[in-house]
Each structure stands twice: as C-alpha cells, then as structure tokens.
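Enquirer: Each chain, letter by letter, is given below.
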Amino acid sequence: MTWSVVRACFLLLLRDRGALLMALIVPVVFFLIFATIFATAAGDQLQLRIAIVDEVNSEDSLRLVKALTEVPAVRPVPGNLTRESARDLVRRGTADVGLVIRADGEALATASGLAAPPLLLLVDPSRSVTATVLAGQLQRAYFTALPDVAVGRVAELIGTEFTEFTPAQQAEIDAGLARLRESAGAAEGSRPAGWSFDDLLERDNVAGQNAALNNVAYYAGAVAFMFLLFAAAQGALGILDDQEAGLLDRIAAGPGGIDVVINGRFLYLVTQGLVQTCLIFGVAWLAYGVDVPGNFGPWLMISICSSVLAAGLGLLLVTGCRTRAQAQVLPTVVILIMSAVGGSMVPRFFMPHWLQQVGWITPNTWALEAYSGVFWRSETALQLAPICLGLAGIGLVALGLSHWFGRRLVRD
Amino acid sequence: MASKTEPLLVVRGALRRFGDRTALAGADLTARAGEVLVLLGPNGAGKSTLLRALAGRVRLDAGSILIGGGAPHERPVRRRVGYVPQSIALWGRLPVRTNLEILGRLAGLPRNAVKAAVTDALAWSGLAERADEPVATLSGGMQRRINIAAGTLHRPDLLLLDEPTVGLDPLARQSVHRVLEGLRDRGMALILTTHDLVEAETLADRVAVLAGGVVRAADTIPILVGGLFGSDQEVLLMLASDPAPDLRDFLRTILFSPTNEPCLWIGRLAGGLEGLPGLRHRLVGAGADIDELRVRQPGLHGVFVELTGTVPHS
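Chains A and B, in that order, give the protein sequences.
Numbering (this note's numbering) for the first sequence: 1 to 412.
Numbering (this note's numbering) for the second sequence: 413 to 726.
These are computed hints drawn from the structure, not numbers from a lab.
None of these values were measured; they are calculated from a predicted model.
Quick reminder that beta carbons are idealized off the backbone N, C-alpha and C, glycines included.
It cannot be assumed that every hint is accurate.
Quick list of the computed label-pair ranges, beta carbon to beta carbon [to be verified]:
1. A/Leu279 x B/Gly456: 51 to 61 Å
2. A/Asp16 x B/Gly481: 28 to 38 Å
3. B/Ala540 x A/Gly390: 29 to 39 Å
4. B/Ala656 x A/Ala19: 48 to 58 Å
5. B/Gly456 x A/Arg322: 20 to 30 Å
6. A/Val283 x B/Ala540: 51 to 61 Å
7. B/His607 x A/Trp3: 33 to 43 Å
8. A/Val283 x B/Asn455: 51 to 61 Å
Derived list of chain B stretches under chain A, where covered just means 3 residues or more per stretch with a C-beta under 8 Å from a C-beta of chain A [to be verified]:
9. 466-474
10. 514-528
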C-alpha cells in the first residue's frame with residue numbers, strides 16, 4: 001500500500017511540469033550559478049578590472065606595470081588612460097579599481113613615506129575590497145619585478161641603520177634595534193625607522209569625501225530590490241485567485257474590461273513596492289546611518305522606478321503562465337536567478353567577467369548600480385536619469401505585455 | 413430602455429468554434445425587457461457560450477448580437493448589461509458592503525451613486541443586516557444573493573445569470589427565485605441558464621431550448637408543449653434490458669425517441685388513454701420486454717426530450 005502512495009506521488013510529479021522543474025532542473029541551475037560565483041569569490045580566480053595609469057614612464061614603473069599585468073588576477077582596462085579618465089572608469093564601474101603611478105609622488109626606489117607615495121589607488125567605496133586585493137597583487141608584483149629595488153632599499157636600510165657585524169658594530173646594531181624599538185611609537189609626522197610597502201601606497205576615494213563608506217547601503221538596495229520582485233510576483237498571483245473565483249470574468253464583462261484589473265493591480269504593486277523599499281531603507285537609515293534623507297530625491301526616483309519595474313515584471317511573469325502551478329514556480333525561479341546573477345546576493349565584482357556582463361541583462365544590476373550611484377558616488381538625479389528611465393521603461397513594457405497576456409486569461 | 417414590443421436583444425446566426433468543436437452553430441434568439449428567458453439544453457448544447465457571448469466575453473466567428481442596438485463588447489452596451497457568473501465571484505474575506513462598493517465602481521457607477529446603489533441592493537436582497545460581515549462567513553444562499561446583487565448595482569437593462577441556483581438547497585433556491593422575480597418586476601430582462609426544469613417552469617416567461625449549438629425552439633412553455641404535442645399524451649417506456657437493433661428500428665417507426673438512458677424511450681400517444689392497450693400489444697409483439705409503460709400530460713420535460721433527444725438531469 002505504501003508503494004501505491006509512492007507511485008501516485010511520482011506520477012503526479014511527472015505530470016506537474018512546474019514541480020518537476022523546481023525539483024530537478026532548478027537546483028542544478030542554481031548549483032552552476034553559485035558554484036561559478038563562489039569559486040571565484042573564495043578561490044584565486046577573482047579577476048579585477050584595473051585602470052592603470054603610468055604618469056612616470058620610468059624603467060622601474062614600466063617593469064612594475066608589466067609584472068602587474070602578468071598576474072592572472074589582474075585584467076587591465078585597455079586604452080591610454082589619464083588619472084581623470086581612470087577615476088571616471090572606476091566611478092562608472094567599468095573598472096573595479098584604478099592604479100596611478102604618479103608623477104607628483106616620490107620615486108618608487110626612494111619613497112620615504114614622508115611625501116606623497118608613488119602609487120595611488122583609485123577606489124570605489126562600494127567595492128573597497130578590490131583595493132585590498134590589488135594592494136596584495138601589487139606587493140607581489142613589486143617584489144617579483146623589482147627585487148633589486150626592494151633589496152636595495154633593505155641594503156639602504158642596513159646601510160642607514162646598521163654597520164658591519166664587528167663587536168663594535170654589534171653594539172651599534174643593538175643601538176639600532178633600540179632605535180627601531182623606540183621609533184615604533186614615533187609621533188605622527190616623523191619618519192619611522194624601517195620601511196613598509198604601505199609607504200608606497202595612497203588610497204583615493206573616487207566618490208569624494210562625502211560618500212558614506214557603508215556596505216549596508218549596498219545590501220539595503222540588494223535586498224530591497226530582490227524582495228520587491230518577490231513581493232510583486234506574489235501580489236500578481238492575486239489575478240489568478242480572481243480568475244478562479246470568477247471575479248476576473250465578472251470585471252472583464254464590465255465597461256472597464258480586463259485592462260482595469262491589470263492597471264489597478266499594477267498601481268497596487270508599485271505602491272506596495274515603494275512602501276517596502278521605504279521600510280528597508282528606513283531601517284538602514286535609523287539603525288546604520290545610511291544617509292537616506294541627504295539623498296532623498298535621487299533615492300525616491302530610483303525606488304519609484306524600481307517599483308514600477310518590479311510591478312510590471314511580476315505581472316508579466318504571472319499572466320504569462322498558463323497554469324497556477326507554473327505561476328507559482330516560474331517567477332520564483334526567474335527572480336532567484338536574476339538576483340544571483342544581478343548582484344543581489346553576492347557583489348558582481350566577485351563574479352567572472354563574462355557573468356558580470358550577463359548581469360547587465362538583469363534589472364537587479366541596474367537598480368544596484370543606481371543605488372550605488374546615490375549612496376557611494378553621490379550622483380545626482382540627472383546623472384541617474386538614464387538608468388531610472390531604463391528601469392521604468394522596461395516596467396511599462398512589461399505592463400503592456402501583461403495586458404496582452406491578461407486578455408488571454410479571460411478569453412475563450 | 414427598449415419598449416415592451418421591440419426586442420432588447422436580437423441574436424442572429426451566432427456561430428462560434430473552439431478548435432474542432434462547434435459550440436454555437438447559428439443560434440437565433442430574442443429577448444424583451446421585463447421578461448425572464450431561461451436557456452435549457454444538455455451539457456455542451458451551447459448555453460454557457462451563448463450567455464458569455466451576450467456578456468461580451470466570447471467573440472462570434474459569424475452572426476451578430478445586438479443589445480439595444482449595440483454589440484456586446486461596446487463600452488456603452490456593457491453598461492446596460494449585468495453578468496452573474498456561476499461561481500461566487502466575490503472577495504470572500506471582504507465584507508459584503510465593501511464587495512458591492514468595489515464591484516459597483518467597476519460596473520461603471522459614478523462614485524457618488526455607489527452608496528445609494530449598494531444600500532438599495534442590500535435592501536432588496538435581504539442582506540442589509542449582514543452587510544458588514546465577510547462574504548465567506550455567510551450561507552450559500554446568501555452568497556448567491558450577493559453574487560446576483562453585485563451584477564445589478566448599475567441597474568442594467570439585461571441581466572445574464574449562469575446557473576444562479578446551482579448547489580443550493582430548496583429554501584435557499586426559493587430565496588434566490590424571489591430576488592430574480594423582484595428584478596423582473598423592476599423591468600429588467602433576465603436570461604439565465606439552468607439544468608433544473610422545475611426552476612425553469614417557476615421562473616420562465618419564455619424558454620429557449622438549445623441542442624447542438626442552435627436554439628431548437630424559444631417560446632412560452634404552453635406554446636412549446638402545444639406546438640410539439642397538440643392533443644397527444646407523452647409515453648415513457650422503460651425496457652427491462654437494452655433493446656436489440658430490430659426493436660430499436662421498430663420503436664423509431666412508431667415515433668419513439670431514444671434518450672441518454674438506453675432502456676428509456678419516450679414517445680407519444682394519440683387519441684387518449686384508450687390507445688394504450690393497443691400500443692402495449694404492438695410493443696410486446698415486437699419483442700419489447702416492458703418494465704414500465706407510463707402515460708403523462710406533456711410538459712417541459714417532454715419538450716426537452718423531444719427537442720434534444722436527451723433526458724434532463726433533474
């Protein structure tokens with residue numbers, strides 16, 4: 001008897017394509033996506049797009065650039081860049097991080113740490129981890145490509161701080177070590193004895209000094225948009241409830257027809273999405289200090305456009321399905337995949353380059369770029385207008401298609 | 413509103429196919445203001461398709477439907493038509509009043525007219541005292557009455573009802589009948605489908621019998637019966653077993669019609685009861701193993717059987 005139940009369960013599963021898809025295909029697809037993302041993020045496959053500017057063009061700087069570009073984790077952005085164009089590339093997200101071997105800094109071989117360091121990192125605060133990764137790769141390249149410079153600096157250090165190891169010298173070494181120990185707590189502005197690779201580096205925030213260096217803003221946008229999509233799809237399912245109850249038929253027979261139902265639900269979903277976004281960013285503001293009030297105009301514009309997109313997409317995904325089972329599965333699958341690829345779960349710079357490019361197909365990427373633009377790069381409403389228009393435009397196109405599919409719901 | 417003499421509804425040659433299946437095969441129909449027209453027919457006869465075509469929910473492949481001179485899908489015409497689906501097409505978790513207010517607006521009522529229309533509908537449907545309770549908590553009969561009320565808020569000239577009493581007990585059915593009669597008395601034309609012949613006899617001013625996607629006949633019940641049977645009686649023959657082919661042929665020659673039950677045949681008896689022994693003798697002579705032979709005054713049941721060749725459900 002038990003096997004009869006097992007048989008019935010399997011037969012039902014085989015006849016329910018939605019459930020079959022969810023049970024067998026979706027897990028595999030998700031595994032592939034997350035394996036691709038996390039193998040990159042956790043392993044040594046992370047590849048940074050770096051905007052490199054060599055203002056010095058000395059023998060040392062050329063050797064350093066050459067060594068850096070030979071590191072597998074580094075992918076230079078092509079072109080003859082200036083400091084400003086590199087900064088712009090990082091701001092726009094075309095490059096993950098920028099490196100300037102600056103003409104207005106100390107020389108690589110003689111950097112003392114007292115004047116401007118020879119290397120300037122151009123960092124987008126929303127991707128600050130990329131600077132840390134680049135610093136590590138830079139250090140590796142430096143010691144690989146410029147060992148003579150590195151050892152020369154050590155020799156200089158020995159020559160400066162130590163002498164030959166005769167008894168007399170030993171006494172001097174002891175005295176030198178004592179001076180090193182003393183210099184560890186040296187006051188700011190005085191040059192500590194010894195040298196560090198950090199003496200060569202300076203970090204420059206491309207967003208300017210007003211950017212809130214706060215990862216919470218990124219995840220507020222990421223989570224808000226993902227759940228905006230989920231809530232919209234769930235809310236759109238109500239159309240099928242109305243269809244099953246006969247309400248859709250009744251309303252469609254009225255003077256407004258099915259268009260009234262679709263438009264009404266669209267406006268409801270936009271409002272719901274906006275309230276949802278307000279709640280998430282409200283908490284981010286109150287609990288974590290994300291500067292929502294200071295960026296209220298651009299933030300509101302993005303949130304409205306994101307809600308329009310989510311509402312349109314949710315309606316399209318639901319009305320496009322032929323059965324309720326499909327409508328319960330398909331939107332979930334599509335939204336999860338879009339969220340994974342689009343950066344709602346893991347920042348996109350952790351992903352391989354090709355997957356980052358694919359991410360631009362998803363609205364998640366657009367919305368996250370827009371929110372990053374507001375909270376990291378302090379972009380204005382005008383600068384954000386194209387991406388917002390894109391979001392809203394796609395939402396309205398989806399709404400139009402939902403009307404077409406909606407008529408199918410009540411058509412005999 | 414159309415006058416009493418001019419038809420409010422005129423259907424001519426309504427044709428509609430769904431793939432290979434022909435749901436309407438050239439149906440003709442008329443309806444006047446202030447009358448109840450009941451659509452009868454076996455499953456698949458085209459009743460629901462015709463009703464949905466009248467509601468503008470199904471487009472015809474050929475033929476025409478005019479309601480007050482306009483096509484059903486035209487917006488002004490939709491304002492003159494009310495549609496009550498077979499299911500309880502309401503939001504079960506919302507109160508009765510809220511349902512009616514929303515559906516009133518969706519039916520095209522101006523905002524300032526909704527309140528009065530809802531109050532009126534609650535009064536005539538006898539639900540004023542339950543107006544603030546969620547629909548789902550009410551009895552089946554009450555839900556049906558609200559379902560109907562929701563279709564009438566904009567005071568349509570023509571109200572279409574798809575099996576408005578299906579699944580109700582006799583008492584609840586009576587309460588719905590009273591509501592429908594009240595609407596007719598207000599001058600509304602009602603067209604409804606049903607499988608219940610008793611309901612049709614109770615409510616109908618006229619009956620339209622459909623079979624195979626066409627309207628076989630449409631008139632008052634006495635005229636339909638008189639036209640089909642004249643002074644003949646209706647005879648029900650129940651055989652003890654399925655008839656052999658020879659017996660089937662014989663039954664057809666003496667104008668008996670088969671039904672959807674193989675042992676049940678229905679015919680007519682001319683000249684009164686004195687002809688019954690002779691009929692019985694001929695049947696036995698042809699090899700019929702008679703289980704029951706009954707004579708009755710022809711009525712809507714006989715009309716249904718005669719026109720559709722099937723026995724109604726009820």
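Enquirer: Would you pick out the hints that fail for this structure and give their numbers low to high?
Expert: Result: hints 2, 3 and 6 break, sorted rising.
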